[in-house]
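Peer 1: So the chains spell out like this:
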Amino acid sequence: MSTDARAFCRDEAQAIATYNFAYLDEQSKRMIRRAILKGIAVPGYQVPFASREMPMPYGWGTGGVQVTASIIGPDDTLKVIDQGADDTTNAISIRKFFARTTGVATTTATTDASIIQTRHRIPETPLTEGQVLVYQVPIPEPLRFLEPRETETRTMHALAEYGVMHVKLYEDIARHGHIATTYAYPVKVEGRYVMDPSPTPKFDNPKMDQCPALQLFGAGREMRIYAIPPWTQVVSLDFEDHPFEVQAFDRPCALCGADDVFLDEVIMDDQGTRMFVCSDTDHCNSRQTAGHAGEQDT
Amino acid sequence: MYVAVKGGETAIDNAHRLLADRRRGDRGVADLGLDQIMQQLSLAVDRVMSEGALYDRELAALAIKQARGDMIEAIFLARAYRTTLPRFGYTRPVDTADMQVERRISACFKDLPGGQLLGPTFDYTHRLLDPGLAAGQAPETPAVRAPEQAGMMRVSDFLDQEGLLEPAPEEAAKPVPDDIARTPMIYPLDRDARLQALARGDEGFLLSMAYSTQRGYARSHPFAGEIRIGEVALELDVPELDFPAPLGRIQVTECQMVNQFQGSAKAPPQFTRGYGLVFGQAERKAMAMSLVDRSLRATELGEDLVAPAQDEEFVIAHADNVQATGFVEHLKLPHYVDFQSELDLVRRLRAETGAGDEAAQEDSE
Chain F
1 MSTDARAFCR
11 DEAQAIATYN
21 FAYLDEQSKR
31 MIRRAILKGI
41 AVPGYQVPFA
51 SREMPMPYGW
61 GTGGVQVTAS
71 IIGPDDTLKV
81 IDQGADDTTN
91 AISIRKFFAR
101 TTGVATTTAT
111 TDASIIQTRH
121 RIPETPLTEG
131 QVLVYQVPIP
141 EPLRFLEPRE
151 TETRTMHALA
161 EYGVMHVKLY
171 EDIARHGHIA
181 TTYAYPVKVE
191 GRYVMDPSPT
201 PKFDNPKMDQ
211 CPALQLFGAG
221 REMRIYAIPP
231 WTQVVSLDFE
241 DHPFEVQAFD
251 RPCALCGADD
261 VFLDEVIMDD
271 QGTRMFVCSD
281 TDHCNSRQTA
291 GHAGEQDT
Chain P
1 MYVAVKGGET
11 AIDNAHRLLA
21 DRRRGDRGVA
31 DLGLDQIMQQ
41 LSLAVDRVMS
51 EGALYDRELA
61 ALAIKQARGD
71 MIEAIFLARA
81 YRTTLPRFGY
91 TRPVDTADMQ
101 VERRISACFK
111 DLPGGQLLGP
121 TFDYTHRLLD
131 PGLAAGQAPE
141 TPAVRAPEQA
151 GMMRVSDFLD
161 QEGLLEPAPE
171 EAAKPVPDDI
181 ARTPMIYPLD
191 RDARLQALAR
201 GDEGFLLSMA
211 YSTQRGYARS
221 HPFAGEIRIG
231 EVALELDVPE
241 LDFPAPLGRI
251 QVTECQMVNQ
261 FQGSAKAPPQ
271 FTRGYGLVFG
281 QAERKAMAMS
291 LVDRSLRATE
301 LGEDLVAPAQ
311 DEEFVIAHAD
321 NVQATGFVEH
331 LKLPHYVDFQ
341 SELDLVRRLR
351 AETGAGDEAA
361 QEDSE
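Order-wise, the sequence lines are chains F and P.
Using this note's numbering, read the first sequence as starting at 1 and increasing by one per residue.
Using this note's numbering, read the second sequence as starting at 1 and increasing by one per residue.
Next comes chain F alone, as it looks inside the complex (with noise of 0.2 Å):
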């Protein structure tokens, strides 16, 4: 335990409560682990666990938070993203709640981070090997909005019965002429189960696939771990005459002129005035240090 970390312990909450390193108890870690690692072995698995009521509430990341305060280290090197931003209010509050109870050190350098703990976005920078993405599941079960109940969805996954699935993407075809998923769009794991990546955009999906860093999902209120291990095959749903594809912007991002990247856009006046910005924070910034523009630079 870092000093800082042992400072929190004695300082802040003396006479009638004290938190552990990571806030959670070891018992409840190995636990936490143990249900990681079944997730690892079995990837795309939901794996139940006794997910343990976190200081933010249910819906705030605690899956996420659990995932990563069971595997972080003193020598780890934490980033936390929310919608690709370092500086969103949440990611914030989740970065200083670890540097508060563990000590270790944060960065908002995709490339310089061992443990990524996200929502909603996979950094545009590719991972390395070595490095842990740590996703917010609100909602683990892809089945969910199809079958709400979970003794019925249980069987489907055992039985790897997913028609449901093909039949409400073909149904969006023959309403709308294409796939009208656009976030938490639904993959197949190696084959086997089919897995929700959290409500990433699809844009982000081609990039599970095959990735060399460790990807774990953690859904706190719904009690569900699940993994992607390294250089894993994760091929998003589609059929043959309507292949799966991604959002494609007209335009590039107006501050680093990054035009294979997933953008926000920002309302700029009373007009409606728009303007379209990478929603990743961390690479926007790198490539303007490297002397990329966009054109409100140009």
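Everything labelled a hint here was simulated from the structure, so no lab data went into it.
Okay, the calculated bits of chain P under chain F, using three or more residues with CB under 8 Å as the criterion:
{"hint": "1", "region": "9-23"}
{"hint": "2", "region": "176-190"}
{"hint": "3", "region": "313-323"}
We put the CB at the ideal spot given by N, CA and C, even for glycine.
Could you slot chain P onto chain F? The hints should help.
Peer 2: For chain P alone, kept in the frame of chain F given last:
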């Protein structure tokens, strides 16, 4: 010139400083002590202890103060603390027949051994605001009775003797009970796990679910067999000792609902049980819990499943207010990325159906 939003960290720190200031309020007014909350807002403390699943009056009082009286926030604080505590073991089942009773009533019998004891109840008070209380008038000294020497037999035990009430459902012999705080809930639940989930479930949610059964959505013809409030002893078996180690006493509210039952293919006509047990003095919650427990036994008793209150996945998965408030309120968090994806899709769909053109035309007209 657009500059990406920064300074979230300072904003959060400022917001929390402001929160602390608002919590304290006017510095000219005396600061609220935990002892005052424990003594004078004791039912709030009880609710935080039961739904926070942590029997500690002082921590519950601190949670209430810290949460500015927001009960779900206080429950959340208690829950987030208790989850970090190690589990030492499981006490023996508490014997509520041996309760040091403060209140005990039965709606089934006019009189019974031990009598009807009203205790400190709001029942039969006229709900008239009391100016005397506002003026800080001291209360009269209450009448007290001598504590019972022995326990007080439960109404369910009287009914049991005649065989009219179903026997208490036999639980499969488990070395330790299910523990919903330590193991993931997998549906269908055993009754011990279900009762745990109900015991820490949201009072308002259980109240509404229970109410729905009274209005015809899976009616269970209930009678309040007995409600009792008082202190029970906790005992822990310790391997090194050849007697159970006493841990102290806690206050609980127990409700045994007795429900008429016509019989089904699975069970003969008899009275059936619904059970509620809650930390502290929490009569409304215990009664609601016992009604919901009974309605959730529909499958076990072979009743038709016709209403939400009989649906275990529906009731249990949505009864926890810490989970519910977190997920409802998480909609406050940024969703720019998903919204951007949806914006793109809706624009595309509108372009394809020509809706965008029509709207543009109307605008220009």
